[in-house]
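Going line by line, the protein sequences match chains G, Z, H and S.
Residues in the first sequence are numbered consecutively from -4, following the working numbering.
Residues in the second sequence are numbered consecutively from 690, following the working numbering.
Residues in the third sequence are numbered consecutively from 56, following the working numbering.
Residues in the fourth sequence are numbered consecutively from 799, following the working numbering.
Don't take every hint at face value.
To be verified - Heads up, simulated SDA-like pairs for lysine to any residue below, C-alpha to C-alpha not over 20 Å straight-line:
id, chain 1, residue 1, chain 2, residue 2
1, Z, K1308, G, W266
2, G, K91, G, V48
3, Z, K1270, G, P29
4, G, K422, H, C113
5, Z, K799, Z, Y742
6, H, K424, H, L441
7, S, K886, G, K422
8, G, K91, G, E26
9, Z, K848, H, Q415
10, Z, K1049, Z, Y801
11, H, K424, H, K502
12, G, K91, S, Y881
13, Z, K853, H, Q415
14, Z, K1308, G, E26
15, Z, K799, Z, G731
16, H, K87, G, W266
17, H, K424, Z, E850
18, Z, K799, H, K87
19, H, K424, Z, K1308
20, Z, K848, Z, V899
21, H, K424, H, P519
22, H, K502, Z, L778
23, G, K90, G, D180
24, S, K886, S, L816
25, S, K886, S, G896
No lab work stands behind these hints: they were computed from the structure.
Given the structure is predicted, the values throughout are model-derived calculations rather than measurements.
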Amino acid sequence: MSLLDLLALLPILILVFAGTTILMVGAWYKEPRPLIAGGILTALLAALAAGMVEPPVSEIAGLFSAGAYARFFTILWSLLAAAGLMLGARFVEDKKIGAGEYVSLVLYGAAGMALLSSATHLLGLFLALETFTLAFYILIACNRDCEFAAEAGLKYLLMGAVATGFMAFGIALIYASTGSLALPDAVTQLTTASGELHAWGLLGWGMILIAVGFKISLAPFHLWTADVYQGAPSPITALLATGSKGAVVAALVGMLAVSGPIWHDLVELLWLMAALTMLVGAFSALTQKNLKRLLAYSSVTHMGTLLVGLLCQTSAGLAATTFYVVVYVVASFGTFAVIASLADKRGEPMTFDDLRGLGYQHPVRCGVLVLLLLSLAGLPATAGFMAKFTIFHAALQSGYIGLVVIGVFASVVSFAFYLSVAMLLFKPDESASSWHAGSSLEHAVLAVCSSAVLLFGLFPGILFDLIGRLLP
Amino acid sequence: MNESLLFLIPLLPLCCAVIIMVFGMRLPRLFAEVLAVTGVAGAFVLTVLFWGYSEGEGTRAVLFTWLNSGSVDISFALHFDRLAAPMTLMVTGVATLIHLYAVGYMHEEKDYARFFSLMNLFVFAMLAIVLADNLLVLFLGWEGVGLCSYGLIGFWYQKLENAKAGTKAFLVTRVGDVFLAIALLWLFAITGTLSISEINAQATSLSPGVVTVVSLLLLLGACGKSAQLPLMTWLADAMAGPTPVSALIHAATMVTAGVYLLCRLFPLVSLSVVAMTAITAIGALTAIYAATCALAQREIKRVLAYSTMSQVGYMFMAVGAGSVAGAMFHLLTHAFFKALLFMAAGCVIHLAGEENDIFKMGGLTRRGPVELFWVFLAGAVCLAGLPLTGGFFSKDGILLALFTHPDPVYRVFWLVGVVTALLTAFYTFRLVYLVFAGEYRGVGHPHVLPLLMRWPLWPLAFLGLLGGLLNLPAFVGGSETLHNWYDNLAGRTVTASHEVEWMLIVLAVAITAIGWFAAHWRYRIYRAPQENAISRFLLNGWYADALVDRLFVRPFAAMGRFCSSGCDRTLFDGTLNGLAKMATGWSALIAQMTTGRLTTYLSAFAWGFLILLGWFLLKLVSGGGH
Amino acid sequence: MTVLTSLPQFPWLSLLIVLPLVGALLCLMHSKRPADCRALSLATSLAVFGVALYLFICHGQGEGRWLLYEDVSWIERFGARYVLAMDGIALLMVLLTSFMQVSAVLLAWRVERHVSSFFALLLLLEAGLMGIFLAYDLVLFYLFWEVALIPMFFLISVWGGANRRQAALKFFLYTLVGSFFMLIAIIALYQIHGAQSGVYSFVIGDLLQTQLTAAQEGWLFAGFMAAFIVKSPLVPFHTWLTDALTESPAAGSLDLTGLLLKTGIYGLIRVAFPLFPNATENFLPILAILALIGLFHAAWSAYHQDDIKRLLAYSSISHLGLVVLGLAAWQFTAWEGSILLMVSHGITTGGLFVLVALIQERTGTRSMKELGGLWGQAPCLGFLFLLFSLASLGLPGLANFSGEILVLLGTFQQHPLWAVIALLGVVFAAAYILRLVQGVLWGPAYKERSVPDLTLREWIILLPMAILVVWMGVYPEPFLAPMHGAVETLLAGGLP
Amino acid sequence: MMIPFGHALAFAAALFVLGLTCVLLRRQVIMILVGVEIMLNAASLVFVASSAYWQQVDGQIFAIMLMAITAAEVAVALAMVVYLWRRKRTLVADVFNGMRG
């Protein structure tokens, strides 16, 4: 780890050291506001560092790359952490949670996500994955008042532990069959090696796929999603839904970009999984009576669509997936931000009875929520449409007509439940009880999210060119 | 005066109609009445002034292009020729008199603006038919006339039956209009133009089959408007409208529009023998049908309505026999005496205290002004065809044309014509006796008759009686002025030996006499009418209404129910709701998977691992991990 | 072959789209003061109408394929360009849209609940419609196609009638399923064209030259038709319209029937037919049969209705069946007739919907059993109701007749049987329209209630429509003139 | 003498499956965690075996890293267990089914 490596690793270091110092300070100095402000500043500083500082060396200790792609996602996850802290500020004060612990955990999570997105080595990938998963174990269960939070934490913990087991065993098998952990050659040997060892390697990849399946809630492994999203407090759910899933997908895209089409054996399995995920996600969301559970299942559908993008394994497919990830992160973070901004002493407006006619108490925020839901559904003029358009375009280009049709069918169903929520919010006759007015920080986050969704919807060119330059 | 002023004839009534419609209610009543009458009278005066323009080929006036798209280039154009001139004169003349009568008749009516604007609009539409140069302007008039009759029949809309009668009239005539429209489209497709004169010119070059079918379509179109056999059920109910409306529309002008259409397109229609026999057949059948129905009617106006249907049947027979001059001659004389009869009937109803049923009248010579009886009698005499009256000569001319037609089957039509003449004479005098003879059987007290309701009857009486002079047949020393006036448009010139003509005249006189005496014997001393199956059958017009209702109206409503609730509700919406229910069913099923218990989640994990292992083994076995 | 590069002149077409958007935004900002919102939205729609009129007068008779053309690059990576192009037909549609918008805003003057968002949605709908009529790039066309749905959806679901929510969802999802098939077809076509010519572009002008195999063309054509058939409701797919129309608020139903239905047929003319000429060739008979079935089915169903608004919905379907028949005849006069009929139907049925809304305001009911004798109580309203009903009946001298007679004349020359059957359908129109008029105007007054006659505002909405109805019936020349050139090129197989 | 690589792999796989069945069958949260630990140890066993087979040190480094991560995870898990016990006085996994559907 030469000095140059350290310089290349600057943003992560900022996040981690600041996190630790805030943790220590938090032990004595209980006042939440300055600590949270410090956390936000660190996250923004890290994003700035990732953006400004040109890393001298392109690979850090063989584990992580410091290329443009990695820096882009470091910036994204740091900004996300900053936004997460902004959302969490009021939550921490009301619930009297230790501000120091909260901020440090979020910062560690952000560092983990950034490292995961830039991982080029299986060990680095595993370590980064574990860092932010552990952070989330605690964050999910930190709300002592609501007994669902503990239950959600337990479920996430146990499922995560089993997934870690699978991941570790998968990596071990790949190492056994290829003899190396660095991604590009670990994979190339897989395709060239033959005989019995190759079989183990393939099983290893299957196991990793299962662990990833849990992480981004693909079809058979998605059952935990709804309970965890409902149980966890909204600021945390926002980070969980966008950050953790986005980072895993970013890691997969990075891996595929570096090593080219490696999944030719797994394609049928992935095809089945993608179709199953999209349909199961869409249909289970159709009759939900709780907004957070509905958003959980809708995120399952979105992950299915992302898998379609990954399945293409062409450069167009990867670019489309990256675009989709960014748009999904922005839109879905916004939806949970709206719920977080509405939360007050009585908890959060989740069930459809709370939401009925809410649009007339808080017109602006409900308007933003409807806009974000429409973007998640894929309405043109919002970024969601451009994202789905590129994914379907890439899928059609590489001949997955069947998946595109299933994707279309799932988006029709998703339009149905998104619109029923939109209608519910603006149901004219019921007069709903009014919720919290929301702090200025939350309004800032919402403003950023909604304008980003519209901007990328009307002028997607900006993001397309940026991604074009990122992917090698 | 250049010919573009020709447009003033139809436009004058139109402008007056629009002015009355817009400002009618705001301005004093007198203004509306005066404007209405001057509108029509002005048109009459203009027709007289322009009479010279109708010589020779007539004059053509174009206002502006109406439709211009690709090969279609149709403009608002009028053609004032020798066929149109007398018709316009009759329409505007009779309309003026009827408007004067209407001023008196509708004295107490509050909603006068709507009435007079619709009447003027009607005259405009009728003139559009008469003066049209191309078939589309004729179609415009054709539907306009249908609209005005719909509006005027349903004038007293407070009672729903009147509105229903108006709707029925509009719909039945609309069915006729469809056939006319098909003919119109077909003619345009084969001749490339809709101008009547060009169509008549190209008629000989068309294939006979097409000419026959187009002519039959034109016939059906004409039947719609002239209430001939297949489409006649609306005329009897049309009596729900005020009497001036019946006089103008259902006696003089609208019902004769069908005859005028066939005369206008005579060069085309006459080419097909089949069509000509069909026209005559329909005319004959309608004549006999209407005459029998008139026998058993209880209301004065329904008797006259069926009588009109019968007389128009005569005109169809004349056209079918090839004598346009005969048809137009009967059309003109019929217009005079039938309008007179309707207006007189209006006075009679007033005298009988708004009572329509002739069996509740009687002895009206003494209740009202005595001159009313003489005027009514003049009209009745023309209708019955007493010798030397206008009706006699025109009807006799038609019977002569039928008798002398080369085709033997026309003798049958001639016979039907003679029988109808007998029935006509009988029901006419039945009407006269029941209304005027004996004691007053009704309960109503007589309304006083304003002068304006009595004064216009006289000119029509004279025109009816002296109508024969218009086309006095040669063997009586007449100069057949009307026939010469039409010369090339007049169709077949009827020539017969003296014995035949005298034989027919003697027969006609005998027929009328028999009819009169039979009516005298039956109705001179009043006896209560006995109800039996035949009289009910005739009263309901051979149950034609019930037939139409069962054949068309009820199936239409059934189809409506089938399409709307059958197809839309159950089939289309049903499938959609089915799909929606299926989707929610599946989603409930899947949502149950998340039982909330951790063990199920972990077992799902295990199932996923098992699927992977199974797939992996499959891969190993099948491809050895290629 | 790149079509004309962007003409260096004032971007009129973008103005037509941007103006309503700006108006919508301003309306949202003034949510506290409803009076300002009303005035603002009226001013915006009048301004848009003014621009449309100016274009009609000054650019109405341009020769060459396009009267106005705007072309700016939008997403270089995909080759999707921001292309707006206006020909004679688009000009008429723009004019109709702006005119109906002014009357919709005036009609919505008495809305009380959430006034600012109502007008904002109305203006957003207008922007979407303008976009559909002008867009000449497939992605842009698809974008406006869906964007126009959202305001209509919220108009129905928030301000609608009894079961508005179900109707709104059905309306949205129906169109959505159709347009998703179109999306797949668009991408596939873009792919094939790119592979063939190396130029990856979504502009319809470029995509016209793609050589497609019969199977490919068949499938892509089916994809596009899925969207357009559902939107111009041909019979099996029309149930969404009757529910949406009966449940939508007055101004909403005016826009829905006057304009949204036309986007389906407009899509046929502008996108589906030119792009796939020979697939269109052998689809025309099926289209004609569907149109005829639609004509009769809707007429019969209309005859059976008791709710007058639902009756008018069915009458709209019946009229559009005739329009589609005119297009299926593939003949110059028939096309001009059907486009003229589209415009005149927008005005006549629009007028009827305005009157139905006024009647509902006054009597509180839409069922024919509780209506009757309106002529006595409100003669002016009754007269206009009669005028518009007769116009939609196809009475010569009024608006719909000129369109219908041209369609029939044109269709008869190509397929006499179709024209004759269509003519029978027109008689059925008389049946249900007269039943409507009798139910509403004639007969004894249902119950003694004071039905006030038309106020000044209502006169301002209805008078121009009445004048237009008579003008289009008597002298349709100015409306026919601009579309000669456009119909000429479209009939020539769309290849410029 | 060297144990053949195949045997080591097979043994590790068996160990992994045992761990998995322990996770699936046991009701108590703590016993599920034990199952997970077994699975992780199986993974580190494979690492050590393959590092010996490929004569590389990476596997062993990964094994040590794995120990660290397992320790961290157990720490957090047990903290969660204590927290749950204090709340619900039970550790049966299925008791925590407040959220469903």
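Consistency of the hints with the structure:
1. Between K1308 of chain Z and W266 of chain G the CA atoms are separated by roughly 15 Å; this keeps the pair inside 20 Å, and the hint holds.
2. For the hint pairing K91 of chain G with V48 of chain G, the CA-to-CA distance comes to about 37 Å; that exceeds 20 Å, so the pair is violated.
3. Taking the CA atoms of K1270 of chain Z and P29 of chain G, the gap is near 54 Å; set against the 20 Å cutoff, the hint is violated.
4. In summary, the hint linking K422 of chain G to C113 of chain H is not supported, as the alpha carbons are separated by about 46 Å, beyond the 20 Å threshold.
5. A C-alpha spacing of about 42 Å is found between K799 of chain Z and Y742 of chain Z, which places the hinted pair above 20 Å, so the restraint is violated.
6. Taking the CA atoms of K424 of chain H and L441 of chain H, the gap is about 18 Å. The hint holds against a cut of 20 Å.
7. Restraint check: the Cα-Cα separation between K886 of chain S and K422 of chain G comes to about 40 Å, which exceeds 20 Å; the hinted pair is violated.
8. Of the pairs offered as hints, the one joining K91 of chain G and E26 of chain G holds, with about 10 Å between alpha carbons and a cut-off of 20 Å not exceeded.
9. The hinted pair formed by K848 of chain Z and Q415 of chain H fails the criterion: a straight-line CA distance of about 24 Å is larger than 20 Å.
10. A threshold of 20 Å between alpha carbons decides the hint, and for K1049 of chain Z with Y801 of chain Z the separation of about 30 Å lies outside it, so the pair is violated.
11. With a C-alpha separation of about 11 Å, the suggested pairing of K424 of chain H with K502 of chain H holds against the 20 Å cut-off.
12. This hinted pair checks out: K91 of chain G and Y881 of chain S have alpha carbons roughly 17 Å apart, not beyond 20 Å.
13. Taking the CA atoms of K853 of chain Z and Q415 of chain H, the gap is about 24 Å. The hint is violated against a cut of 20 Å.
14. At most 20 Å may separate the alpha-carbon atoms for a hinted pair to count; K1308 of chain Z and E26 of chain G exceed this at roughly 60 Å.
15. At most 20 Å may separate the alpha-carbon atoms for a hinted pair to count; K799 of chain Z and G731 of chain Z exceed this at roughly 26 Å.
16. For the suggested pair K87 of chain H and W266 of chain G, the alpha carbons sit about 52 Å apart, so the restraint of at most 20 Å is broken.
17. A C-alpha spacing of about 16 Å is found between K424 of chain H and E850 of chain Z, which places the hinted pair at or below 20 Å, so the restraint holds.
18. A C-alpha spacing of about 50 Å is found between K799 of chain Z and K87 of chain H, which places the hinted pair above 20 Å, so the restraint is violated.
19. Distance restraint check for K424 of chain H and K1308 of chain Z: the Cα-Cα separation of roughly 72 Å exceeds the 20 Å cut-off, and the hinted pair is therefore not satisfied.
20. Taking the CA atoms of K848 of chain Z and V899 of chain Z, the gap is near 46 Å; set against the 20 Å cutoff, the hint is violated.
21. Restraint check: the Cα-Cα separation between K424 of chain H and P519 of chain H comes to about 31 Å, which exceeds 20 Å; the hinted pair is violated.
22. With a C-alpha separation of about 48 Å, the suggested pairing of K502 of chain H with L778 of chain Z is violated against the 20 Å cut-off.
23. Annotation: proposed proximity of K90 of chain G to D180 of chain G is violated, straight-line Cα distance about 49 Å (limit 20 Å).
24. Between the alpha carbons of K886 of chain S and L816 of chain S the distance comes to roughly 29 Å, so the proposed pair goes past 20 Å and is violated.
25. For the proposed pair K886 of chain S and G896 of chain S, the alpha carbon gap of about 12 Å is at most 20 Å, so the pair holds.
Consistency note: the structure conflicts with the earlier hints numbered 2, 3, 4, 5, 7, 9, 10, 13, 14, 15, 16, 18, 19, 20, 21, 22, 23, 24.
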